[in-house]
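Engineer: Okay, here's what each chain looks like letter by letter:
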Amino acid sequence: MIKAKGICKSFADKKVITGVDLDIKPGMIFGLLGPSGAGKTSLIRIITGQLVFESGEISVFGKPVSELSGEDKRQIGIMMDDHGVYDRLSCIENLKIFADIYGVPRSRIKTALAQVGLADASKKPAMKLSKGMRTRLQLARVLMISPRLLFLDEPTSGLDPMTMKYVHKLILEQKANGCTVFLTTHNMEEASCLCDEVALLNEGKIIDRGAPGEICRKYNHQKKVNIHLKSGEDLELEHGASSSGKIAELMAQGQIETIHSSEPTLETVFIELTGRKLESEEEIRYA
Amino acid sequence: MRNIWVIIKKQLADTIKNKPVLIQFVMYPVLTLIMENAVTIPDMPELFFTKLFSVMYMGMAPLTSVASIISEEKEKNTLRVLMMANVKPGEYLAGVGLYTWILCMAGAGVMATGFSAYQIPFYLAVMAIGFIISIAIGACIGVFASNQMTASSLFVPVMLVFSFVPMLAMFNDKIEKCARIFYTQQLREMLDLMTFDGLKIETPVVILINAILAITLFFIAFKRKGLE
Chain A
1 MIKAKGICKS FADKKVITGV DLDIKPGMIF GLLGPSGAGK TSLIRIITGQ
51 LVFESGEISV FGKPVSELSG EDKRQIGIMM DDHGVYDRLS CIENLKIFAD
101 IYGVPRSRIK TALAQVGLAD ASKKPAMKLS KGMRTRLQLA RVLMISPRLL
151 FLDEPTSGLD PMTMKYVHKL ILEQKANGCT VFLTTHNMEE ASCLCDEVAL
201 LNEGKIIDRG APGEICRKYN HQKKVNIHLK SGEDLELEHG ASSSGKIAEL
251 MAQGQIETIH SSEPTLETVF IELTGRKLES EEEIRYA
Chain B
1 MRNIWVIIKK QLADTIKNKP VLIQFVMYPV LTLIMENAVT IPDMPELFFT
51 KLFSVMYMGM APLTSVASII SEEKEKNTLR VLMMANVKPG EYLAGVGLYT
101 WILCMAGAGV MATGFSAYQI PFYLAVMAIG FIISIAIGAC IGVFASNQMT
151 ASSLFVPVML VFSFVPMLAM FNDKIEKCAR IFYTQQLREM LDLMTFDGLK
201 IETPVVILIN AILAITLFFI AFKRKGLE
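Keeping their order, the protein sequence lines are chains A and B.
Going by the working numbering, the residue at position 67 of the first sequence is 67; the numbering climbs one at a time, nothing skipped.
Going by the working numbering, the residue at position 17 of the second sequence is 17; the numbering climbs one at a time, nothing skipped.
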């Protein structure tokens, strides 16, 4: 669906993307993880032809990105973090504009609004919507066109947990319909639960890639089992045959409250590889 | 062509809810009707208020509206969404320009009600030319400015010069001499004559130079800033 080889892009003297390779298969949810300023949005803008790149090759739908026709572009839904809606217009009026541009039947507007849970707010001006509802309106705008390829730039940034779950459900529905999803996020939980494959982007370079579980297992250096006993005591045992007897004994005695293996999360892998967090303390505080 | 029509429809839906822009289109036609019917001063030239407000209308409404619309879309990132939906910059600008021109011409139609039937085509032609040049200047400001605040600080002085200097020129010879370099002053003189007979060569030349300058500046702004 998307193939990229050796993509490089600089702004003035600063390199924002350095030698990025991608191979995104049809029907998968691909997650690009990285902290703010890592180059995630720039990479989406390059792949979607909004930003000219200096070197490398990109193909979308098997064609170089510069040769995509109007019909090809109509099959690409793009929801960027900073994209606006027409504040004075109602949800329906907002969608009508894009239904007309994409040549989508007007009947799809109501379906798309119902799909994102905005059917009751369809006549409400966009300026009166909450942040979560605005995000869902933006999603309705891209879902309405039934895209084959969907770019979502931080779709859940700043949303409450309920709305976030709702958005996740919509993304998974798109995948079930055969849509390929390219998602950027700095939320590792989101990436773990949604993505078939993730790439970790730092300072414009992809530092590792693979299935989320696979990456976590790859960096499982500790190989420990952490046990919390009913007595309140914490035990850390080797993740191996040597600990099996002890674990079996504790289990048999009914002393175990919780038991976890110690494989890292995407967040800890990222910190290990870069020394940086995916989401800064400041971003967490203001989210 | 379809996208141009979509932009026009979008603007029409938005204008009804956008009072600052709506007032721009409605204010002078309404003022003209009120003043022409309510005020009578001895020895006042025929249709004095209509001609006065017409020049102000052509120098103000299209210029400020186009600059406001484009800069607002840039500021709120809705323009980027349109561009990504494969609306070409030319289609967007044509849609906004046509919408503004049509609404201004409708306003001019209201203002023309005082003229006799044979004068109306001449009046509307003069207004149409003025609107086109003002739209180009407004588009130039809208494209150049990155947000509404910058656009306002640019279009207010420009609009004041083009719409009010011809009025001041009526009372001061020195201002009148300076004002002759502006298309609005030349179009005001055409409205005073209400005929092509006796038209000085200076009038079409100045209007043409103003138009060329506005279009050139627009292309320079567009080349430098695009619609991002």
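Everything labelled a hint here was simulated from the structure, so no lab data went into it.
The structure displayed is predicted, hence computed values, not measured ones.
Each hint should be verified, as a subset may be incorrect.
Coverage of chain A stretches by chain B, computed from C-beta distances (three or more under 8 Å per stretch; other residues unrestricted) [to be verified]:
1. 74-88
2. 97-111
Taking lysine-lysine and the BS3-like style, the derived pairs with C-alpha atoms no more than 25 Å apart in a straight line are [said to hold, decoys possible]:
3. B/K17 <-> A/K124
4. A/K5 <-> A/K63
5. B/K223 <-> A/K96
6. A/K128 <-> B/K88
7. B/K225 <-> A/K14
8. A/K15 <-> B/K225
9. B/K17 <-> A/K14
10. A/K131 <-> B/K76
11. B/K19 <-> A/K73
12. A/K123 <-> B/K223
13. A/K110 <-> B/K17
14. A/K123 <-> B/K174
15. A/K128 <-> B/K17
16. A/K123 <-> B/K88
17. B/K88 <-> A/K96
18. B/K19 <-> A/K96
19. A/K25 <-> A/K14
20. B/K76 <-> A/K128
21. A/K73 <-> B/K9
22. B/K19 <-> A/K124
23. B/K19 <-> A/K110
24. B/K17 <-> A/K96
25. B/K17 <-> A/K73
26. B/K9 <-> A/K124
27. B/K88 <-> A/K73
28. B/K76 <-> A/K63
29. A/K131 <-> A/K96
30. A/K124 <-> B/K174
Using N, Cα and C, we set each Cβ at its ideal position, and we do this for glycine too.
Engineer: Looking back at the numbered hints, which does the structure fail to meet, lowest number first?
Structural biologist: Numbers 5, 6, 9, 11, 12, 14, 16, 19, 23, 25, 28 and 30 - these are the hints that the structure violates, sorted from lowest upward.
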